[in-house]
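One letter stands for each residue in the lines below.
4 protein chains.
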Amino acid sequence: MSALPRITVWNEFRHENESEEIRAVYPDGIHNAIAAGLRKHGLEVQTAWLDQPEHGLTDEVLANTDVLVWWGHKVHHEVDWEVVNRVHKRIVEGGMGLVALHSGHMSRIFMKLMGTTCDLKWREADDRERLWVVDPTHPIAAGLPECIVLEAEEMYGEHFDVPAPDELIFVSWFTGGEVFRSGATWKRGLGRIFYFRPGHESYPTYYNDDIIHVIANGCKWAAPNGLGSVVRGNIKVGPEVARLQSA
Amino acid sequence: MSALPRITVWNEFRHENESEEIRAVYPDGIHNAIAAGLRKHGLEVQTAWLDQPEHGLTDEVLANTDVLVWWGHKVHHEVDWEVVNRVHKRIVEGGMGLVALHSGHMSRIFMKLMGTTCDLKWREADDRERLWVVDPTHPIAAGLPECIVLEAEEMYGEHFDVPAPDELIFVSWFTGGEVFRSGATWKRGLGRIFYFRPGHESYPTYYNDDIIHVIANGCKWAAPNGLGSVVRGNIKVGPEVARLQSA
Amino acid sequence: MSALPRITVWNEFRHENESEEIRAVYPDGIHNAIAAGLRKHGLEVQTAWLDQPEHGLTDEVLANTDVLVWWGHKVHHEVDWEVVNRVHKRIVEGGMGLVALHSGHMSRIFMKLMGTTCDLKWREADDRERLWVVDPTHPIAAGLPECIVLEAEEMYGEHFDVPAPDELIFVSWFTGGEVFRSGATWKRGLGRIFYFRPGHESYPTYYNDDIIHVIANGCKWAAPNGLGSVVRGNIKVGPEVARLQSA
Amino acid sequence: MSALPRITVWNEFRHENESEEIRAVYPDGIHNAIAAGLRKHGLEVQTAWLDQPEHGLTDEVLANTDVLVWWGHKVHHEVDWEVVNRVHKRIVEGGMGLVALHSGHMSRIFMKLMGTTCDLKWREADDRERLWVVDPTHPIAAGLPECIVLEAEEMYGEHFDVPAPDELIFVSWFTGGEVFRSGATWKRGLGRIFYFRPGHESYPTYYNDDIIHVIANGCKWAAPNGLGSVVRGNIKVGPEVARLQSA
Numbered sequence: 001m002s003a004l005p006r007i008t009v010w011n012e013f014r015h016e017n018e019s020e021e022i023r024a025v026y027p028d029g030i031h032n033a034i035a036a037g038l039r040k041h042g043l044e045v046q047t048a049w050l051d052q053p054e055h056g057l058t059d060e061v062l063a064n065t066d067v068l069v070w071w072g073h074k075v076h077h078e079v080d081w082e083v084v085n086r087v088h089k090r091i092v093e094g095g096m097g098l099v100a101l102h103s104g105h106m107s108r109i110f111m112k113l114m115g116t117t118c119d120l121k122w123r124e125a126d127d128r129e130r131l132w133v134v135d136p137t138h139p140i141a142a143g144l145p146e147c148i149v150l151e152a153e154e155m156y157g158e159h160f161d162v163p164a165p166d167e168l169i170f171v172s173w174f175t176g177g178e179v180f181r182s183g184a185t186w187k188r189g190l191g192r193i194f195y196f197r198p199g200h201e202s203y204p205t206y207y208n209d210d211i212i213h214v215i216a217n218g219c220k221w222a223a224p225n226g227l228g229s230v231v232r233g234n235i236k237v238g239p240e241v242a243r244l245q246s247a
Numbered sequence: 001m002s003a004l005p006r007i008t009v010w011n012e013f014r015h016e017n018e019s020e021e022i023r024a025v026y027p028d029g030i031h032n033a034i035a036a037g038l039r040k041h042g043l044e045v046q047t048a049w050l051d052q053p054e055h056g057l058t059d060e061v062l063a064n065t066d067v068l069v070w071w072g073h074k075v076h077h078e079v080d081w082e083v084v085n086r087v088h089k090r091i092v093e094g095g096m097g098l099v100a101l102h103s104g105h106m107s108r109i110f111m112k113l114m115g116t117t118c119d120l121k122w123r124e125a126d127d128r129e130r131l132w133v134v135d136p137t138h139p140i141a142a143g144l145p146e147c148i149v150l151e152a153e154e155m156y157g158e159h160f161d162v163p164a165p166d167e168l169i170f171v172s173w174f175t176g177g178e179v180f181r182s183g184a185t186w187k188r189g190l191g192r193i194f195y196f197r198p199g200h201e202s203y204p205t206y207y208n209d210d211i212i213h214v215i216a217n218g219c220k221w222a223a224p225n226g227l228g229s230v231v232r233g234n235i236k237v238g239p240e241v242a243r244l245q246s247a
Numbered sequence: 001m002s003a004l005p006r007i008t009v010w011n012e013f014r015h016e017n018e019s020e021e022i023r024a025v026y027p028d029g030i031h032n033a034i035a036a037g038l039r040k041h042g043l044e045v046q047t048a049w050l051d052q053p054e055h056g057l058t059d060e061v062l063a064n065t066d067v068l069v070w071w072g073h074k075v076h077h078e079v080d081w082e083v084v085n086r087v088h089k090r091i092v093e094g095g096m097g098l099v100a101l102h103s104g105h106m107s108r109i110f111m112k113l114m115g116t117t118c119d120l121k122w123r124e125a126d127d128r129e130r131l132w133v134v135d136p137t138h139p140i141a142a143g144l145p146e147c148i149v150l151e152a153e154e155m156y157g158e159h160f161d162v163p164a165p166d167e168l169i170f171v172s173w174f175t176g177g178e179v180f181r182s183g184a185t186w187k188r189g190l191g192r193i194f195y196f197r198p199g200h201e202s203y204p205t206y207y208n209d210d211i212i213h214v215i216a217n218g219c220k221w222a223a224p225n226g227l228g229s230v231v232r233g234n235i236k237v238g239p240e241v242a243r244l245q246s247a
Numbered sequence: 001m002s003a004l005p006r007i008t009v010w011n012e013f014r015h016e017n018e019s020e021e022i023r024a025v026y027p028d029g030i031h032n033a034i035a036a037g038l039r040k041h042g043l044e045v046q047t048a049w050l051d052q053p054e055h056g057l058t059d060e061v062l063a064n065t066d067v068l069v070w071w072g073h074k075v076h077h078e079v080d081w082e083v084v085n086r087v088h089k090r091i092v093e094g095g096m097g098l099v100a101l102h103s104g105h106m107s108r109i110f111m112k113l114m115g116t117t118c119d120l121k122w123r124e125a126d127d128r129e130r131l132w133v134v135d136p137t138h139p140i141a142a143g144l145p146e147c148i149v150l151e152a153e154e155m156y157g158e159h160f161d162v163p164a165p166d167e168l169i170f171v172s173w174f175t176g177g178e179v180f181r182s183g184a185t186w187k188r189g190l191g192r193i194f195y196f197r198p199g200h201e202s203y204p205t206y207y208n209d210d211i212i213h214v215i216a217n218g219c220k221w222a223a224p225n226g227l228g229s230v231v232r233g234n235i236k237v238g239p240e241v242a243r244l245q246s247a
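Protein chains in written order, with my numbering: chain L, 1 to 247; chain A, 1 to 247; chain G, 1 to 247; chain R, 1 to 247.
Don't read these hints as lab results, they were simulated from the structure. Ideal Cβ placement from N, Cα and C applies to all residues, glycine included. Among these hints, one or two may not hold up.
What the hints assert, rightly or not - Once the Cα atoms are required to be at most 20 Å apart in a straight line, the calculated EDC-like pairs of lysine to aspartate or glutamate come out as:
#, chain 1, residue 1, chain 2, residue 2
1, A, Lys112, L, Asp51
2, R, Lys89, G, Asp119
3, A, Lys89, A, Asp126
4, G, Lys112, R, Asp166
5, L, Lys74, L, Glu21
6, R, Lys236, G, Glu151
7, L, Lys74, L, Asp28
8, L, Lys236, R, Glu146
9, G, Lys112, G, Asp126
10, A, Lys112, L, Asp166
11, G, Lys112, R, Glu146
12, A, Lys236, L, Asp28
13, G, Lys74, G, Asp28
14, A, Lys112, L, Glu82
15, R, Lys89, G, Asp161
As the list claims (entries may be wrong) - Computed list of chain L residues with no C-beta within reach of chain R, every gap over 10 Å:
#, residue
16, Arg6
17, Ser19
18, Ala36
19, His73
20, Lys74
21, His76
22, Arg86
23, Thr117
24, Arg123
25, Pro136
26, Ser202
27, Ile212
Chain L extracted, bound-state conformation (with noise of 0.2 Å):
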């Protein structure tokens, strides 16, 4: 492990390409704002979209990468099994983090992770949305305000078919009347997770000094951190037998 961790923002890309009101909002992509955040925040970070080969994650990408943003939406279908079976590997078997935003959540990647359909409510009016730090002991909440408030995003709603959280950190508000648990982090294998829920294509968000430093801090948090030795399979042998055996 670096003393920093190596960040790859992996972003679908085709928002920005195929609309124009889009692409004014994010002129260089999703991922071009969000790594230009991250970096303020000294992380050293890459990028990767969907349309380049293998989505930009061979194994060489992925062997260098501590954490992998997530930024997916329209064409989760699009990502090819192989890929998503490699990132979960070096997730689950190799420790990689996994910080994945907003509609990432019915992304292949993360659903596998899940083992839900990681289904939710939605609404697109401009709601405003309140985001609250409801574990302030959280590294991920170290440095915020009680409260991040965005004056317009996307509404997502409970219920949130997610496997409860092995910690909650916010819960967010929003002016239609819903409430969503919007960070929240699970481990699979040596891997950490982190899902974030802010961020839909049509609003600023990433530009929002507060998430990105939540990001930031979901980044330091789910890189690896000098794992302890795993062993698995046939153990022919029980230690304590082994022990009689060499007395």
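For this one, chain L is given, so just place chains A, G and R on it according to the hints.
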């Protein structure tokens, strides 16, 4: 939901057909040994196995199953993904419970629900196993002694690569020096899952009254219980807005 | 354990005696409103209150109580520590359940069980409250709609200083912009605890059918269920050694 | 928060003064053995003990302590409640970490944080202990082997009456046949707590490199990390109302 949950015990049913040694232990198959035990606890039980059409798990069978008990070992890969996905949907979206036994930890359905490798250490050496209750308040531990002893069993050892359980109920001690989280629960969508370690095919474990008691408790716990309503998808008008509009 | 849990509803019963306004809402006291509601769900219910000898919580009363429902607010400090310790022992060592309501979050018994300040934000301003179910599989959510609406209530807001719940069942939305983890469970020793937020004395909340439904579900969930045996203290001879000695 | 957490190791320091046998193991006291080990991990460490004024835990000492390591055993009842309450407040409201060792499970401060009896089984019979890592992703397990072996230790067995841990990191195996959840974490208010089982006064456990490694990891994990803001109490105007008023 019926007053008493309707159980389907599923078995791979290959060891018993292919090996005289195993058949001597379970002449009618593991499924029938478990089913007979559960019936003594008043449960309504049917059985199904791999080599039936659709592995015996048709839509109709699943629609009439509150809890599915799963025993599989050597040919997990022969279980059709179509059936796995059907069972998964019935659990996550329909609320059916799952009790996964022993080597069912690497069944396709359990792995799909967990999102990890579900791998572990193992050894066939007639270890004595002591299953200690670490959560005496749990319904699955109701009526049991503090420790269940199995004179000989296959050893399973940590690290067991599953998500941190929602509830940890049993921890096993083995003669050879290992420990194992041998009884644990998770929720996935509307369904409840209980994993219980004991039951290697070469040992008469499923004739042990305490072991059957645990499985019966697990079935009662995993049964759906009049689930609340769940609404997902596009909610075009939030309840607070609807309220203003109707005022 | 009786087939149906035996409930004792405890009330501070001061607001109703001292304020005409509150008496107008609960002429027979909050305890009797709750008790009447729970009886409609088939529960066996008695009541007790602060100004009775031993606060109505004698050894005999507790010995015949499966679940204690607690409503207190303005004079938590008048509850004798001797009674608090007796109730604590009955929960932790005897397996009695506790359903703590509303401002019971700062009762001595709840704070002693939690180990934290149990502090929170609050406001009396007739906020509308929406309680969303975030765990539809939980027995406490059985048979409920996805959202319970209370037209006017006191607001409670995060950060709520309690240990991370074992299970989070309800999250509240308030008109003023706050959220709150308003229904949650914890286990302590052999006892189960359910905290449920609603019920300020100046609102008719305990006449709401859904609210009573939740409390009734909570009582059923918190009741002891045939606990396994628990052995503690000095075990001079381990089971493995005893086995060798007797061989 | 300083870059490296400032540790105070607290010891009852009576066994070493009263028993020649124990003094032979820890001639400078258990606290100095632990402190020396932690300093090798680069931590800034001071010590304190029971018979100092205010048990060595003055306001000033606590204000300059990021993590308190606690070893106590035979005279838990001699620790003044005033000091216990001061430490509790510094943890829950100030974010100081606590690493409770061995028989510290029944110290007043640990019991007050847990809310349970914290009781367990025990035996002094030179059992061999194997501590298995069950969460290799946890920072407290970083850099450790999968199993730490102590040739002789006091046995602690289940049921251990503590709230279900937020995270379970180690499970112990003992020669005599018992298991124990021997390394676990909880959060209370703004503070983080790590309980770690080994270290009976008659064994040289705190000279074991792996054991010190775990305690050093525990101190780093339990240190406060730039906590977010926490607002509690009467919020007379909600943020949504304030927004309307200022518009």
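Quick rundown of the hints versus the structure:
1. A:Lys112 x L:Asp51: violated, 28 Å
2. R:Lys89 x G:Asp119: holds, 13 Å
3. A:Lys89 x A:Asp126: Answer violated: Lys89 (chain A) to Asp126 (chain A) is near 38 Å, above 20 Å.
4. G:Lys112 x R:Asp166: holds, 19 Å
5. L:Lys74 x L:Glu21: holds, 16 Å
6. R:Lys236 x G:Glu151: Answer holds: Lys236 (chain R) to Glu151 (chain G) is near 19 Å, not above 20 Å.
7. L:Lys74 x L:Asp28: holds, 18 Å
8. L:Lys236 x R:Glu146: Answer holds: Lys236 (chain L) to Glu146 (chain R) is near 17 Å, not above 20 Å.
9. G:Lys112 x G:Asp126: Not OK: Lys112 (chain G) and Asp126 (chain G) at ~31 Å, beyond 20 Å, violated.
10. A:Lys112 x L:Asp166: OK: Lys112 (chain A) and Asp166 (chain L) at ~19 Å, within 20 Å.
11. G:Lys112 x R:Glu146: violated, 37 Å
12. A:Lys236 x L:Asp28: violated, 31 Å
13. G:Lys74 x G:Asp28: Holds - the C-alpha atoms of Asp28 (chain G) and Lys74 (chain G) are around 18 Å apart, at most 20 Å.
14. A:Lys112 x L:Glu82: The given pair, whose Cα atoms are some 16 Å apart, holds under the 20 Å limit.
15. R:Lys89 x G:Asp161: holds, 13 Å
16. Arg6: At about 18 Å from chain R, Arg6 (chain L) clears the 10 Å cut-off, so the statement holds.
17. Ser19: Non-interface label on Ser19 (chain L) holds, nearest chain R Cβ at 31 Å vs cutoff 10 Å.
18. Ala36: holds, 23 Å
19. His73: With a cut-off of 10 Å, His73 (chain L) remains clear of chain R, as the shortest Cβ separation is near 29 Å.
20. Lys74: Non-interface label on Lys74 (chain L) holds, nearest chain R Cβ at 32 Å vs cutoff 10 Å.
21. His76: Holds: least Cβ distance 27 Å, greater than 10 Å.
22. Arg86: holds, 20 Å
23. Thr117: holds, 26 Å
24. Arg123: Answer for Arg123 (chain L): holds, closest chain R Cβ roughly 18 Å.
25. Pro136: Nearest chain R Cβ is 4 Å from Pro136 (chain L), so the label is violated.
26. Ser202: Fine: 22 Å to the nearest Cβ keeps Ser202 (chain L) off the interface.
27. Ile212: holds, 16 Å
Hint violations for this structure: numbers 1, 3, 9, 11, 12, 25, all remaining hints satisfied.
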